[in-house]
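2 protein chains.
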Amino acid sequence: MSDWSLHPRLASDSVFVASLPLSDLRLVNDARWPWLILVPRVPNAAEWLDLDGEQRQLLDAEMHAAGTMLRAHFATDRINVAALGNVVPQLHMHVVSRRVEDPAWPGPVWGFGQPKPYDDSELQRRIDLLRSHAATNGESS
Amino acid sequence: MSDWSLHPRLASDSVFVASLPLSDLRLVNDARWPWLILVPRVPNAAEWLDLDGEQRQLLDAEMHAAGTMLRAHFATDRINVAALGNVVPQLHMHVVSRRVEDPAWPGPVWGFGQPKPYDDSELQRRIDLLRSHAATNGESS
Numbered sequence: 000m001s002d003w004s005l006h007p008r009l010a011s012d013s014v015f016v017a018s019l020p021l022s023d024l025r026l027v028n029d030a031r032w033p034w035l036i037l038v039p040r041v042p043n044a045a046e047w048l049d050l051d052g053e054q055r056q057l058l059d060a061e062m063h064a065a066g067t068m069l070r071a072h073f074a075t076d077r078i079n080v081a082a083l084g085n086v087v088p089q090l091h092m093h094v095v096s097r098r099v100e101d102p103a104w105p106g107p108v109w110g111f112g113q114p115k116p117y118d119d120s121e122l123q124r125r126i127d128l129l130r131s132h133a134a135t136n137g138e139s140s
Numbered sequence: 000m001s002d003w004s005l006h007p008r009l010a011s012d013s014v015f016v017a018s019l020p021l022s023d024l025r026l027v028n029d030a031r032w033p034w035l036i037l038v039p040r041v042p043n044a045a046e047w048l049d050l051d052g053e054q055r056q057l058l059d060a061e062m063h064a065a066g067t068m069l070r071a072h073f074a075t076d077r078i079n080v081a082a083l084g085n086v087v088p089q090l091h092m093h094v095v096s097r098r099v100e101d102p103a104w105p106g107p108v109w110g111f112g113q114p115k116p117y118d119d120s121e122l123q124r125r126i127d128l129l130r131s132h133a134a135t136n137g138e139s140s
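These protein sequence lines are chains A and B, in that order.
With the first letter of the first sequence counted as 1, position 6 gets the number 5 in numbering that gives the first Met the number 0; the numbers rise by one all the way through.
With the first letter of the second sequence counted as 1, position 112 gets the number 111 in numbering that gives the first Met the number 0; the numbers rise by one all the way through.
In case anyone wonders, no lab produced these hints; they're calculated from the structure.
Not one of these hints is a red herring.
The calculated label-pair distances, taken between Cβ atoms and stated as ranges, are:
(1) A:Gln-113 / B:Phe-73: 29 to 37 Å
(2) B:Pro-102 / A:Pro-7: 23 to 31 Å
(3) B:Ser-120 / A:Pro-7: 42 to 50 Å
(4) A:Ser-11 / B:Glu-53: 36 to 44 Å
(5) B:Asp-76 / A:Glu-100: 28 to 36 Å
(6) B:Asp-127 / A:Pro-116: 47 to 55 Å
(7) B:Gly-137 / A:Glu-121: 49 to 57 Å
(8) B:Pro-102 / A:Pro-88: 16 to 24 Å
Covered stretches of chain B (chain A as the covering partner; in silico rule of three or more C-beta atoms under 8 Å from a C-beta of chain A):
(9) 42-55
(10) 63-77
(11) 84-90
(12) 105-112
These numbers come from a predicted model, not from an experiment.
Cβ atoms here follow ideal geometry from the backbone N, Cα and C, with glycine treated the same way.
Could you build all of it, start to finish, from the sequences and the hints given here?
What follows is the structure in structure tokens.
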């Protein structure tokens, strides 16, 4: 899929974790909640409904893997999944670990307050943890 | 799935449209945006990650049908899809038609302002339209 490139806003707001069969798995740089995004490498896909059945099946498996990964490594009361695309017009699926005591609960995280970037060492620690999980569970390509 | 019953909050906030293979399709009674929910009839499922692969595949098809239905009948700039479950602990997938000029754009609809119920005739008109679409497209059981 040579015509695909990551939207600059997603590139600046998140960090690469792993390349899955359909999507790039990325960690959003916001320490308020463990927040993954899956960005299908499908040129010109702006929303979930743009994917065909085969692509949706791949994304479903990758969402499931991402949610399972969050549950395995972070205290989680609820996994939120969503594709909005109202701000960034490149399809990306959010998979977010929520706690009852997190600052936005029970509201959604999108548009809530200001991102709180990880400090460098914590960011690297999280990326390492997620990459290790992805490699162990066959989610890295 | 005899142990399943609709959560009272979902029952009061939305109106039945059709029974699909996995889920009940319902229209949220909020005239600010065309907003469907799919409620899988799976006992004790609180979040998307609770579904097994076969159930997720059914839900994927029903989400696609719901989004296609919204695009066919309402002016739509973006279809938002999400499973949150932070407020109502019974799995339900949102499929929402968004406009760039809608009151919450580009923010999410969840928790935004107060619902604006349809008047009775408009609600009935919308339900009839959606049921007719579902029946014509084989989405009604």
